[in-house]
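Asker: Sequence lines, in order, name chains A and B.
If you're matching positions, the first sequence starts at 1 in this note's numbering and goes up one per residue.
If you're matching positions, the second sequence starts at 1 in this note's numbering and goes up one per residue.
Since the hints were derived computationally from the structure, they do not count as laboratory data.
Glycine residues also receive a C-beta, built at the ideal position from the N, C-alpha and C atoms.
Some clues are possibly wrong.
What the hints assert, rightly or not - Below 27 Å or equal to it, Euclidean Cα-Cα: the simulated DSS-like pairs (lysine-lysine) are:
no.	chain 1	residue 1	chain 2	residue 2
1	A	LYS135	B	LYS76
2	A	LYS94	B	LYS86
3	A	LYS9	B	LYS88
4	B	LYS76	A	LYS66
5	B	LYS39	A	LYS135
6	A	LYS72	B	LYS76
7	A	LYS66	A	LYS9
8	B	LYS39	A	LYS9
9	B	LYS86	A	LYS72
10	A	LYS94	B	LYS76
Claimed, not checked - To list a few chain B residues with every Cβ distance to chain A over 12 Å, as calculated:
no.	residue
11	SER13
12	PRO20
13	LEU66
Said to hold, decoys possible - The following residues of chain B were derived to be distant from chain A, with all beta-carbon distances above 12 Å:
no.	residue
14	GLU16
15	LEU17
16	ALA21
17	VAL41
18	THR49
19	TRP51
20	LEU54
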Amino acid sequence: MSELTELHKTVVTTPSDTEIRTERIFDATPEVIFEFWTDPDLLAQWVGPERLEMTVQEYDVRPGGKYRYVHKDPETGSEYVFFGEFLEIEAPRKLSQTFNFVMEPQPPPSIDRLELIPLENGRTRLVTLTTFESKEYRDGMIQSGMEKGMDEGYAKLDRLLAER
Amino acid sequence: MAILDRLGDGAASISELAEPAGMSLTGMKKHIAILEEAKLVTTEKRGRTRWCELSAEGFDEAAFWLDEFRRRQHQKLNRLERAIEKRKQERQK
Numbered sequence: 001m002s003e004l005t006e007l008h009k010t011v012v013t014t015p016s017d018t019e020i021r022t023e024r025i026f027d028a029t030p031e032v033i034f035e036f037w038t039d040p041d042l043l044a045q046w047v048g049p050e051r052l053e054m055t056v057q058e059y060d061v062r063p064g065g066k067y068r069y070v071h072k073d074p075e076t077g078s079e080y081v082f083f084g085e086f087l088e089i090e091a092p093r094k095l096s097q098t099f100n101f102v103m104e105p106q107p108p109p110s111i112d113r114l115e116l117i118p119l120e121n122g123r124t125r126l127v128t129l130t131t132f133e134s135k136e137y138r139d140g141m142i143q144s145g146m147e148k149g150m151d152e153g154y155a156k157l158d159r160l161l162a163e164r
Numbered sequence: 001m002a003i004l005d006r007l008g009d010g011a012a013s014i015s016e017l018a019e020p021a022g023m024s025l026t027g028m029k030k031h032i033a034i035l036e037e038a039k040l041v042t043t044e045k046r047g048r049t050r051w052c053e054l055s056a057e058g059f060d061e062a063a064f065w066l067d068e069f070r071r072r073q074h075q076k077l078n079r080l081e082r083a084i085e086k087r088k089q090e091r092q093k
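One chain only, chain B, in its complex shape (with noise of 0.2 Å):
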């Protein structure tokens, strides 16, 4: 999560961001394939440095399920609560 926050001020290098994770360049690659694939980051080479940029689109992908499960267990603890509603209703006539 680190690599993410880190890109979130702005574009790196994978150089910048190996540095201070203290990892190779060769192990920062291969996590920034992950997220690529992932669609959270995007790369782009420019010379003969590779940059790295977050990407909106994985974000939004990834926003949108977990409003969709939000809803969905929000409902569900709904149907919880008026069934409890529903029985103590009932008891007390």
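Pulled out of the complex, with its shape left as it was, chain A reads as follows (with noise of 0.2 Å):
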């Protein structure tokens, strides 16, 4: 099923209904990006949109430890909350963390396991897998935050083509 072998792609399926599964290569050792999954410095640094105030209020990585952040816009003042629990560390090949976007009604959590593959020259081959309760919840879940990542999303494309 891995057959990506090229930077910078992202390859996303769906196994079954309920599952997302995401891969990627980095030009990086898992040491390396575990700790920019771990450390809440360097999460900062990179989750969310970049136009978006990000705090992380907790973020305690072991095995029950919880997390929460928020995503703030500073124009409108809406926040975005996340939270969960980290469930099973194993630095620096794999985590899983439960996961929760705040909305009404409160969805059930989904659960997501990440997997850091050392590849030869230093590079990882990086899979996430998020599971959902159920085909309704995966769905819904992506479509909750589609609009608005949409705008966000090509405004950041632009900026990026532009740096270049």
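Hints given; two lone chains; assemble the complex.
Answerer: Below you can see the structure in the form of structure tokens.
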């Protein structure tokens, strides 16, 4: 199944009706990527769209430890809250956690599994597998942030292209 | 998923779908009703037979959200990659 060999590409597949799998190759070791995933200061640099202010309120990386972070839109004051619990941690190869996006009504958590597979030349194959309670929740979760994410995404892409 | 595979070859009656799946007509009707609700399948009664067909609408919707998710995942990992690159460069200075 893993055929991806290039950098800068993301492959997203749906192995089943309740799962989403993401795969990407990074030019960095599992140790480095793991650090960016587990250090709240580093996490704040890449999780969440740039124009939103990211605040990590809690990030207790150990089995049963809780995490909570907020993305705030400085223009509208809207806040997007994410929280969950760390399940299993096997540094620097595996990490699993529950994931919730605060919304009404509150959907059941999804479970995110991260796997970092070392490759040659100090590279890493990053694989995430997200499991939802049902297909409806999987589709609903994706649609929930969609409209918003779209505008922000294009703005970011524009900036990136301008920087080149 | 076998139902959708079969319908990919063209319209079929409930009994044509039920037989290879080893299901009762009632059981297959329930399955089809779920797929119909998800807009993946449309049905039409002709004479005494209910014919089932794939519906473009539901598949387009599913493809749309998956594309959007794909794009967002890609951007998220782009940001991670840039954050890692930035630190690499800082350390080399």
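Asker: Taking each numbered hint in turn, which are not upheld by the structure, reported in ascending numerical order?
Answerer: 7, 8 and 13
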